[in-house]
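Asker: Each chain, written out:
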Amino acid sequence: MNQHVLTALPDQGAGLRPQIELVAEKRGGRTVLTSQYVTYPFHMTRPFQLDAARADVSTLYMQSSSGGLYAGEDLRLRIAARAGANLHLTTQASTIVQGGERPRASTRYDLTVEDGAFLAFTPDPQILFPGSFADTEIALSLADGACAVISDGFLLHDPKRLCRAPEAYRSVADVSIGGRRVMVDRQFVEGRRLNEPAGPLHGHAIAGTVLLLGFGDRLAAAELAEAVAGCGARLAISALPRGCGLGLRILAKDGPAYARALDAAFGAAFLARFGIAPAPRRK
Amino acid sequence: MNEDNAATILTALQHADSNFPSGSFAFSQGLEGLASLTGKRPGTDEITNFVREQIVHRWASSDRVALAHAYRAGDDLDRVAEIDEELDLSTFCETLREGSRRNGQALLATHVRFGTPGAASYRQRIDRDTATGTLPVVHALLWRRLGLAEEACVAMSGYGLVSSSLTAAVRLNFVGALTAQSMMPPLLSLVATYAGEPVAEDAEICGFNPFGEIAAMNQAGLALRLFSN
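These protein sequence lines map, in sequence, to chains A and B. Numbered per numbering that gives the first Met the number 0, the first sequence spans residues 0 to 282. Numbered per numbering that gives the first Met the number 0, the second sequence spans residues 0 to 228.
Everything labelled a hint here was simulated from the structure, so no lab data went into it. Hints may be right or wrong, so weigh each one.
Unchecked claim - Just the calculated beta-carbon pair ranges, DEER-fashion:
| id | chain 1 | residue 1 | chain 2 | residue 2 | range |
| --- | --- | --- | --- | --- | --- |
| 1 | B | D3 | A | G231 | 58 to 66 Å |
| 2 | B | V111 | A | D143 | 32 to 40 Å |
| 3 | B | D201 | A | Q62 | 32 to 40 Å |
What the hints assert, rightly or not - Going by beta-carbon spacing under 10 Å, a handful of chain A positions derived as facing chain B:
| id | residue |
| --- | --- |
| 4 | R180 |
| 5 | V183 |
| 6 | R185 |
| 7 | A197 |
| 8 | L200 |
| 9 | H203 |
| 10 | A238 |
As the list claims (entries may be wrong) - Not close to chain A: a few residues of chain B, all C-beta gaps over 10 Å, as computed:
| id | residue |
| --- | --- |
| 11 | S17 |
| 12 | Q123 |
| 13 | S181 |
For every residue, glycine included, the Cβ atom is placed at its ideal position computed from N, Cα and C.
Chain A on its own, in the form it takes in the complex (with noise of 0.2 Å):
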């Protein structure tokens, strides 16, 4: 019954360096990268400054330059804002997960947001072809006085229409706050379960979750709802674990109305935090 036994992956990549590193500071009133590494198969854009008003925001879109994920692939990511900092790390697009032998493909996330920063990292809703297993898994260690914004989701594909269904799919946040462990949202659906008439999406093909985290009382759950009101997602809200923020559980039939629904809970996020409705983020 449990096929896959949900245990997390052999930490094969463990002391190899991360295809993404990245320390965003802040400087002379802007967030600037004082150090960056990516490679293969990642591509990452410029700092943009989209915010008029808080050109101490810095907005970076993330691209996959091979395609999308792979079979067998274990790719790591650690990025660090530090005191005072302000980033968005975002995507351009969805990202395609390819089905395969040995389908699991692994992305994992190590995030550090320190006094006074604030990260948000909302990427498009990963696309799950049939036969794919994506397993991401996100470390969020928050100094206490920081705030971050943090989604995952994923959008089911199946262009041959043979109602043939992804493999798994399994979604870790792990949050410390201040360095004690607040919460973990683990998620984790075999595939199959996801065709059924009467599985957990309930005729949904996107499903995702936004974490707000550390924004105290600046940002009240009436606030979020008022927010994401009317997006055409069905979706509510929960306190969640320690008082360590909001959560944010959607379901949306198409990827506009995911869209919205996300784009609404950062501005929210980025509302409560800066005083100002954030710029568009174009894709």
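Assemble the complex: chain A is given as a structure, and chain B must be docked to it using the hints.
Answerer: Frame of chain A; chain B shown alone:
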């Protein structure tokens, strides 16, 4: 059947019985929120599917796994407390998280009064804020000390999920009592399947139940509700 086996079955019946004075509040698992989410009163198919989802996509991979790990931890209460915290930290939805804690702690309080071995010392840990008291972990802690096997504890936990969900459906006037009973066998059969499948030693506590969680979170926002979770 020998006398020992009969005694074990009777112990399980006593402690899984909804009349057991656990002090717990009934769980609806978000069933109350389902009606407002779909905009209509759920019928037997919708309720069965909803409970089935809870079994397959939350209980089997989350509560059941935590219960099995806590059972195997035995008298190592530090390890039991670790599993307890892991389950609490990994429960995304506040109403389900708080409900599990509240019911677990209420059941523990009952067993402290009964003098069940291990109950008082674990209660002290909760009072010192070094343990959480989630329901599946409290089940493992107490039922193991009553001499019940791990598989029986898992089955009783699953029975509790099905029974309390269908009780909630009756109280919410979604279905009648007779209909609720007729809905139980296939759901209990599913529970039995999982109870008969050993939990791997390295199994993670996880789940994937976005629709059920959205229903439960939606329930928390209802102006008028019968169930706290």
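Asker: Minimum Cβ distance from L200 of chain A to chain B below 10 Å?
Answerer: Check passed: Cβ of L200 of chain A comes within 7 Å of chain B, closer than 10 Å.
Asker: CB of D201 of chain B to CB of Q62 of chain A, is that within 32 to 40 Å?
Answerer: For Q62 of chain A against D201 of chain B, whose Cβ atoms are near 35 Å apart, the range 32 to 40 Å holds.
Asker: With d taken as the least Cβ-Cβ distance between S17 of chain B and chain A, does d exceed 10 Å?
Answerer: holds (27 Å)
Asker: H203 of chain A was flagged as interface toward chain B. Is the shortest Cβ-Cβ separation under 10 Å?
Answerer: holds (8 Å)
Asker: Closer than 10 Å between Cβ atoms is the bar; does A197 of chain A clear it against chain B? Give me holds or violated.
Answerer: holds (5 Å)
Asker: Does the closest beta carbon of chain B sit nearer than 10 Å to the beta carbon of V183 of chain A?
Answerer: holds (5 Å)
Asker: Can the suggested window of 32 to 40 Å be confirmed for the beta-carbon pair V111 of chain B and D143 of chain A?
Answerer: 36 Å Cβ-Cβ, so the 32 to 40 Å window holds.
Asker: When you take the CB atoms of D3 of chain B and G231 of chain A, is the distance between them in 58 to 66 Å?
Answerer: Once the Cβ atoms are compared, 60 Å apart, the range 58 to 66 Å for G231 of chain A and D3 of chain B holds.
Asker: Minimum C-beta separation from S181 of chain B to chain A exceeding 10 Å: can you confirm that?
Answerer: holds (19 Å)
Asker: Holds or violated: R185 of chain A as interface residue toward chain B, Cβ cutoff 10 Å?
Answerer: Holds, about 4 Å.
Asker: Would the stated hint for A238 of chain A survive a check requiring a Cβ distance to chain B of less than 10 Å?
Answerer: holds (5 Å)
Asker: A cut-off of 10 Å on Cβ-Cβ distance, and Q123 of chain B was said to be off the interface with chain A. Does that hold?
Answerer: holds (22 Å)
Consistency with the previously given hints is maintained throughout, with no hint failing.
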